[in-house]
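Undergrad: Protein chains in written order, with the numbering used here: chain U, 1 to 165; chain H, 1 to 582.
Everything labelled a hint here was simulated from the structure, so no lab data went into it. The beta-carbon is built from N, C-alpha and C at its ideal position, and this holds for glycine as well. There could be a bad hint or two in this list.
[Said to hold, decoys possible] When the alpha-carbon atoms are kept at most 30 Å apart in a straight line, the in silico DSSO-like pairs for lysine-lysine are as follows:
#	chain 1	residue 1	chain 2	residue 2
1	U	K13	H	K401
2	H	K296	U	K55
3	U	K27	H	K490
4	U	K26	H	K468
5	H	K442	U	K55
6	U	K55	H	K188
7	H	K130	U	K113
8	U	K104	U	K55
9	U	K21	H	K471
10	H	K442	H	K487
11	H	K538	U	K27
[Claimed, not checked] Beta-carbon label-pair distances, calculated as ranges:
#	chain 1	residue 1	chain 2	residue 2	range
12	H	K188	U	Q72	42 to 48 Å
13	H	R127	U	E159	33 to 39 Å
14	H	L94	U	V93	29 to 35 Å
15	U	Q72	H	P70	33 to 39 Å
16	H	D486	U	E22	22 to 28 Å
17	H	K130	U	K80	39 to 45 Å
[Said to hold, decoys possible] Which chain H residues face chain U? A few, computed with CB under 7 Å, are given here:
#	residue
18	N13
19	G33
20	V169
21	F172
22	S173
23	R175
24	S177
25	V180
26	P183
27	Y185
28	L291
29	N294
30	W578
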Amino acid sequence: MVATKQSLTSEQKSELDRILKEYDYKKSNLIAVLQKVQELYRYLPEEALTYVSVKMNLSPASVFGVATFYSQFSLNPKGKFEIKVCDGTACHVRGSMPVYNAIKKKVGLTGDKITTDCLRFSVETVSCLGACGLAPVVMINDKVYPKMTSDAMTIVLDELMKEDV
Amino acid sequence: MVETKVKNTLFINGNEVEFSNERNLLEVIQKTGIEIPTFCYRPDLTLYGACRMCVVEVEGRGVQASCTMPPESGLKVKTNTERIRRVRKVSLELLLSNHDRECTTCERSGDCELQILSNKYDVKDLRFEKLEEMAEVDDSNPSLIRDSNKCILCGACIRACTEVQGKSVLSFSNRGSKTVCAPAYGSKLEDVDCVYCGQCAAVCPTGALAIKSDVDKVFEAINNDNKTVIVQIAPAVRVALGEQFNIPSGENVIGIMAAALRRAGIDKVFDTSFSADVTIMEEGTELIGRLKSNEKLPLFTSCCPAWVRHAEQNHKNFLNNLSSAKSPQQMFGALAKDVLCKEYNVEPKDLVVVSIMPCTAKKAEAVRPEFSENGVQEVDIVLTTQEVFKLIQSAGVNISKLAPEEMDQPFGEYSGAGVIFGASGGVAEAALRTAYEVVTGKTLENVNFEDARGLNTLKEFSVDLDGKKIKLAIINTLAEADRVIDKINKGEAHYDVIEVMACPGGCIGGAGQPVSCKDRLIKGNRKDGLYKADAKMKLQKSHENPSVKTLYEKHLGEPNGEKAHHLLHTEYEERDIWNVED
């Protein structure tokens, strides 16, 4: 499944309206609005960005600028399982890269691609998760996996794949 | 009591210099005759302080950007120390490190600020490797080329689009070394709400945003024996082209231009001021009709193609209020392909109409499908002032050997009213000169409507037309247009006539004109040049133009009549690019 450019349904619009209303259509709340929109879709679809910019009286280019500036935002669909591999200094020296490579291999990602075609897994490195004492750390959605190794990671992923059929 | 005035002074390279209301150190330094290199500093836009070329050494404070530093009493400033030169040179080297350095084939070669400064600072050895991955060049639209490989991220285009036009078509996206200055979603300009006014290109220091050149097309036509090539020259061009030949801004070079274009191989030379007079006949008649019936008011002018496109995108509730009269460029084209073709006995497809315009949006206007008859466009090629300079140079014409020449017939006469179309307020003033006489039946003794003149983005005034008070708003820049329309929509303002020009100061500040973004005085000089040309003319009212009279008698009949309507009027369509409604 590949996301195609399409117009929003009326349900999607009313959900976006709800978010916009919650934040009073205020320009200074743009980042918060985008965070909520991303919660809804797991990424920021173009149509939603355009909708938000028109309703907030901002130019789509400016909103796109904000959305692409912060690494917390993604313009591409993210997988159901968002895997963040910490590659801060501590995790890096403790071997985060072999863990990262093992994850990519396990879920079948090569090159610069971060999300599997089935939209189940996204794999990215992040700079620091603030848990250096547990290095190397991996986060899957909201759960933290401390002191990871390639083998441990494979077991975790096997479990996830079994649960999510 | 004796008032003692305390003088504010600071020291520049050891010399004591007085300052008063200069906005920054840079302006104080420039006043003393020292040129400071800049890229991102544009006096008409907000301060940005990004390029670090304007750095100076300030005693006790180290290296400072002079564009963002306010002047203070007692500062000791040095502008050209070894340290400063090194900082500037390294900045240049870094800018060049990821710059597409194919200078010879660049649109801006010769007047690129990066090229000029690199040369001035003798940048020879680049220690950094050239970028390998090249971004795609956007030349999808008829007016502008966006080449991010040449962008130095000074942000001037973004500020111009936002502050002057209120559009923000461009913005920075991504971050760090991946930052680009681009439209939303990395789209092409023709897929977003760009109106092709070109104000981004007018402030771009490099070739990252450049005018799409059509000079070659003109030479092809000139060298094709089957084609008759004619030009029309827009009012604002005459007071700006001279700048490129080191003639002071504001000096009227229309006669020399006519001579130069004929030497370059153009068959006939005309003045768009003539069709501006025709515009007044059509738009003026339309206005008088609307005032009588009190319908479709305010009447918005429709001469400016960037404004028209903007209205089609953002102000669809006012599309019926736009004058249905075509712009002078298109009127000239339509008349040429009809009247001149008969007169010269040539087929419309073999008469090549070349417009010389101060404007990049005119290129996009000329290709609009509604401006064609039997598959032949009314205007075939549009050259900007900058391009016509290239054309004259490329043809090898030496203007210093030429004497001024007259325009060709039968569209040879034009009035001062047509000439002032090139300045903000000119269209309204020209319309008033004619409307007053038509409505009152009296002679207008003083033709000057001073309230309409000047570079302010909004001018408001009223005139008495035979007992009826007409309220006018004269607007330049689309940001100002949006503000005024917002007030009208809220019921806070009311006007009968609204003139809108997208560029600062009107067409004289068009993006096709020679680059003037570093000098705040040039636009004023050009404006003064147009009003001076108008004042010198015997003919100052459009309806008195004998060429116009003959045109209506022989070919068109009545203004707004059937033939006139077919040739000289148009319709508008909604173009809501970011439509999110169903």
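Undergrad: So, for every hint listed, does it hold in this structure?
TA: For each hint, the structure was consulted:
1. In summary, the hint linking K13(U) to K401(H) is not supported, as the alpha carbons are separated by about 68 Å, beyond the 30 Å threshold.
2. For the hint pairing K296(H) with K55(U), the CA-to-CA distance comes to about 29 Å; that is within 30 Å, so the pair holds.
3. For the proposed pair K27(U) and K490(H), the alpha carbon gap of about 21 Å is at most 30 Å, so the pair holds.
4. For the suggested pair K26(U) and K468(H), the alpha carbons sit about 44 Å apart, so the restraint of at most 30 Å is broken.
5. Taking the CA atoms of K442(H) and K55(U), the gap is near 52 Å; set against the 30 Å cutoff, the hint is violated.
6. A C-alpha spacing of about 23 Å is found between K55(U) and K188(H), which places the hinted pair at or below 30 Å, so the restraint holds.
7. Proposed proximity of K130(H) and K113(U) is supported: the alpha carbons are some 27 Å apart, at most 30 Å.
8. As the CA atoms of K104(U) and K55(U) are separated by approximately 39 Å, the hinted pair breaks the 30 Å bound.
9. For the given pair, K21(U) sits about 39 Å from K471(H) by alpha-carbon distance, which is inconsistent with the 30 Å threshold.
10. Distance restraint check for K442(H) and K487(H): the Cα-Cα separation of roughly 35 Å exceeds the 30 Å cut-off, and the hinted pair is therefore not satisfied.
11. Under the criterion of a C-alpha separation no larger than 30 Å, the hint pairing K538(H) with K27(U) is inconsistent with the structure, at around 55 Å.
12. One distance hint, 42 to 48 Å for the beta-carbon pair K188(H) and Q72(U), is violated here, with the actual separation near 28 Å.
13. Hint check: R127(H) to E159(U), Cβ distance near 52 Å, so the stated range 33 to 39 Å is violated.
14. Taken as a hint, the range 29 to 35 Å holds for the pair L94(H) and V93(U), whose Cβ atoms sit roughly 32 Å apart.
15. Look at Q72(U) against P70(H): about 37 Å separates their beta carbons, and that is inside 33 to 39 Å.
16. The hint said 22 to 28 Å for the Cβ distance between D486(H) and E22(U), and at roughly 26 Å that hint holds.
17. For K130(H) paired with K80(U), a C-beta distance near 42 Å keeps the hint of 39 to 45 Å intact.
18. Residue-level restraint check for N13(H) is violated (minimum Cβ-Cβ distance to chain U is 40 Å; threshold 7 Å).
19. A hinted interface residue such as G33(H) counts as satisfied when its beta carbon comes closer than 7 Å to some beta carbon of chain U; here the least separation is about 40 Å, so the hint is violated.
20. Interface restraint check for V169(H): the shortest CB-CB distance to chain U comes to about 6 Å, inside 7 Å, so the restraint holds.
21. Restraint check, F172(H) versus chain U: the minimum CB separation of about 5 Å is within 7 Å; hint holds.
22. Against a cut-off of 7 Å between C-beta atoms, the interface hint on S173(H) holds, since the closest Cβ of chain U lies about 4 Å away.
23. For R175(H), the interface hint holds, since its Cβ comes within 7 Å of a Cβ in chain U; the closest pair sits about 5 Å apart.
24. At a threshold of 7 Å, the smallest CB-CB gap from S177(H) to chain U is about 13 Å, leaving the interface hint violated.
25. Interface restraint check for V180(H): the shortest CB-CB distance to chain U comes to about 9 Å, outside 7 Å, so the restraint is violated.
26. The interface hint given for P183(H) is met, as the beta carbon of that residue sits about 5 Å from the closest beta carbon of chain U, less than 7 Å.
27. Interface hint status for Y185(H): upheld, as the beta-carbon distance to the closest one in chain U is roughly 6 Å, under 7 Å.
28. Checking L291(H) against chain U: minimum C-beta separation of about 34 Å lies over 7 Å; hint violated.
29. Using the Cβ-Cβ criterion of 7 Å, the hint placing N294(H) at the interface with chain U is not satisfied: the shortest such distance is roughly 33 Å.
30. Checking W578(H) against chain U by beta carbon gives a least distance of about 5 Å; that is within 7 Å, so the hint holds.
When the structure is compared with the earlier hints, violations turn up for hints 1, 4, 5, 8, 9, 10, 11, 12, 13, 18, 19, 24, 25, 28, 29 and for no others.
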